[in-house]
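S.K.: If you want the building blocks of each chain, they are given just below.
Protein chains: 2
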Amino acid sequence: MNKIVMKFGGTSVAGTEKLKNIAKIVKSQLKNNKLIVILSAMAGETNKLQSYLDEFQEQNSIESDLVLTSGEQVTIGLLSVALKNLGVKSIPLLGWQVPILTDENYEKAKILNIDKKRIKEYFLNYDVIVLAGFQGINLTGKITSLGRGGSDTTAVAIASAIDAERCDIYTDVDGVFTTDPNIESNAKKISKLSYEEMLEMSSTGAKVLHTRSVELAMKNNLTLQVLSSITNKTGTFIVDEKELIEKEIVSGVSYSNNEAKVSISGILDKPGISAKIFGLMAENNINVDMIVQNISQDGISANMTFTINQKDYDLTKTVIENSKKLFDYKSLSLDKKVAKISVIGMGMMSQAGVAEKMFKTLAKNSINILAISTSEIKISVLIDKKHTNIAVKTLHEVYNL
Amino acid sequence: MNKIVMKFGGTSVAGTEKLKNIAKIVKSQLKNNKLIVILSAMAGETNKLQSYLDEFQEQNSIESDLVLTSGEQVTIGLLSVALKNLGVKSIPLLGWQVPILTDENYEKAKILNIDKKRIKEYFLNYDVIVLAGFQGINLTGKITSLGRGGSDTTAVAIASAIDAERCDIYTDVDGVFTTDPNIESNAKKISKLSYEEMLEMSSTGAKVLHTRSVELAMKNNLTLQVLSSITNKTGTFIVDEKELIEKEIVSGVSYSNNEAKVSISGILDKPGISAKIFGLMAENNINVDMIVQNISQDGISANMTFTINQKDYDLTKTVIENSKKLFDYKSLSLDKKVAKISVIGMGMMSQAGVAEKMFKTLAKNSINILAISTSEIKISVLIDKKHTNIAVKTLHEVYNL
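Protein chains in written order, with our numbering: chain A, -19 to 381; chain B, -19 to 381.
One or more of the hints may lead you astray.
Unchecked claim - The calculated DSSO-like cross-link candidates involving lysine-lysine, where the alpha carbons are at most 27 Å apart (straight line), are:
| no. | chain 1 | residue 1 | chain 2 | residue 2 |
| --- | --- | --- | --- | --- |
| 1 | B | K(-2) | B | K64 |
| 2 | B | K(-17) | B | K11 |
| 3 | A | K(-2) | A | K28 |
| 4 | A | K317 | A | K366 |
| 5 | A | K90 | B | K64 |
| 6 | B | K7 | B | K(-17) |
| 7 | A | K69 | B | K88 |
| 8 | B | K11 | B | K0 |
| 9 | A | K0 | B | K4 |
| 10 | B | K366 | B | K297 |
| 11 | A | K88 | B | K64 |
| 12 | A | K28 | B | K90 |
| 13 | B | K64 | A | K28 |
| 14 | A | K168 | A | K366 |
| 15 | A | K28 | B | K28 |
| 16 | B | K(-17) | B | K69 |
| 17 | A | K(-2) | B | K28 |
| 18 | A | K14 | A | K96 |
| 19 | A | K172 | A | K199 |
| 20 | A | K213 | A | K11 |
| 21 | B | K14 | B | K96 |
| 22 | B | K88 | A | K64 |
| 23 | A | K28 | B | K0 |
| 24 | B | K316 | B | K227 |
| 25 | B | K96 | A | K28 |
| 26 | A | K344 | A | K317 |
| 27 | A | K64 | B | K90 |
| 28 | A | K337 | A | K366 |
| 29 | B | K366 | B | K340 |
| 30 | B | K365 | B | K168 |
| 31 | B | K291 | B | K305 |
| 32 | B | K100 | B | K69 |
| 33 | B | K69 | A | K88 |
| 34 | B | K0 | A | K64 |
| 35 | B | K28 | A | K4 |
| 36 | A | K344 | A | K256 |
| 37 | A | K64 | A | K4 |
Because the hints were derived from the structure by calculation, they are not lab data.
If we strip away everything but chain A, and leave its shape as in the complex, we get (with noise of 0.2 Å):
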């Protein structure tokens, strides 16, 4: 007996047309395996009740978490039911009722312990247990969220601890594509995938799965599928590297539009000034990402640009605005009109020349890079926004994507 877990996020759950669709897919899973299916509320849903709290600006409460993880109740009551419909014996089952074991931070609680007993209990009278995502329980009997995404969470949290064989993250897209077909309609169906290589993916901007399901799936040694609800192929499977027979120097380009870059000019060169104006960004939660620093021509005073996330532009600016006792600057500038390309692959790490490869192209389409970071299996650059699509299909097509 094999156990899999399968996880349809809020497009896929939307409507009883739908589940009755899922419950198909299900039952087409059963064979000799049993089967935890883990659902997301119906889509629109949880901004609904998002919109409720904006309205009492009431965020990482007992209350917040309460009303947020009501929509799940639903789709698993009505998928449990279109199971039974199909003669499946199903049973659907809250997180507490598990109990999935989280801290006591509302609103990105993390899973401390599930009960597997339980669960073992639960499949000697059903096939299929039909599991709230998102949602678990705290020490003191309260119910706490695992974050927007978290339902990913919560399928590779299961599958790792009931030992599932995989665990199958369907979506409305095919897999992860070697790009976003909507830019490069030459884009591939990627077939495997390391987990770093996914986690750079999801972190540049690929929104197929939730940043931390994949680092957990990575930490459990977990193989996740990532595949359509819609078309019935296989998907997108993410493995060990170990399990990547043949890999791919890139696998990959994405982008992401939601970056800002900051400049600061002018700031007077002494020791310690780049930890200060860090230290700053890290006292109120912003996280930054590529940092250029240079000396300016004078020889005494440098500049300074890095990149945040668009939503902490207006945080960033009164902070660094505020701070002239901190350090002294001539001039400050943010700019939302940047995008960050990234080129991620394995086969980097064993092969010289890819950064160069992607610098050459963009240059050779007048493209200016505005800043560079790079890991062992990424190069991300800054670029101005509009050269976006010329540079994800130039980089799709030099690469042999």
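Following the hints, complete the assembly by docking chain B onto the known chain A.
M.R.: Positioned in the frame of chain A, the structure of chain B alone reads:
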């Protein structure tokens, strides 16, 4: 320290503005009291959830109760936020978090036990507990619901369990009226009413309180108050008969348009025939109310007339038509164009002539009586639906209401 239970229904909690208003009402009742506030789901929400279930023709199951009880989770969370914003120490709780233990009957569960100790503990840290109405948990850890109108029952059960001083049921009317103000503009709010009178009024059409909740209050001798969440006036108190110093002969006139009349004529009059007919009704869960039996003029056959709830119209027709083997009859007719008019009052018990006055009044207005049923404190008659308004108005007048 007194404990007061307050209950607000679906129309009172539909939307954030209304919830803010309720928070003010709740705060005004705090003083030195500890409060438990029972809420329904937002008006329309339970209907939406019911419609999902109807699409699957699902009822009375783990799944249906899971789906139906999701709405209160939203309202209790939001009201607790609104209370915190007014500086009130408040905690939201779901049925299972108390827990409110029920039996296993999905969609019509009965409360078995309420954990008073836990409520006491919460009152050490909080002044207000905002509790989800309508729901509980059974011994196997599944969520159950108490049936439509179940929030009234939750309120009364909680108030009884914690020895609350009283239980205030907030609605969109000022209290219980001598009759429906929409029909008779001279209808007056009743200041005090016995449980028995309220029960008769509920079951004969005044839709203010759920019958089960009144029965439970009577059993526990708990004072109920029905009052408006809009006008902030003292409402109608429902108390033990002994507390009514001056018993009104007739307290109110109520009516119901939900009845249907069933007439079976030409039944072969043998001993046990009534038992057969009403046994058949009971087997099919059809509630029978007024019963009139006449021997027909031939002296051999009998005519039987009784009333049922309109929702059982089709079922009753089919059941009787298919029962020719059980008992023979000449013809069957069903009629929805009837109304039940009732006069209710504790003083009736010790006062002759109440029924006579009713029959005379109706006769004077040329209203034919199709059936009669009486209890110690109630007289009901079945009439043609078209006479409803004139019957209510004239009866309201002759009893000086």
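S.K.: Which of the numbered hints are not met once you compare them with the structure shown?
M.R.: 9, 12, 24, 25, 34 and 36
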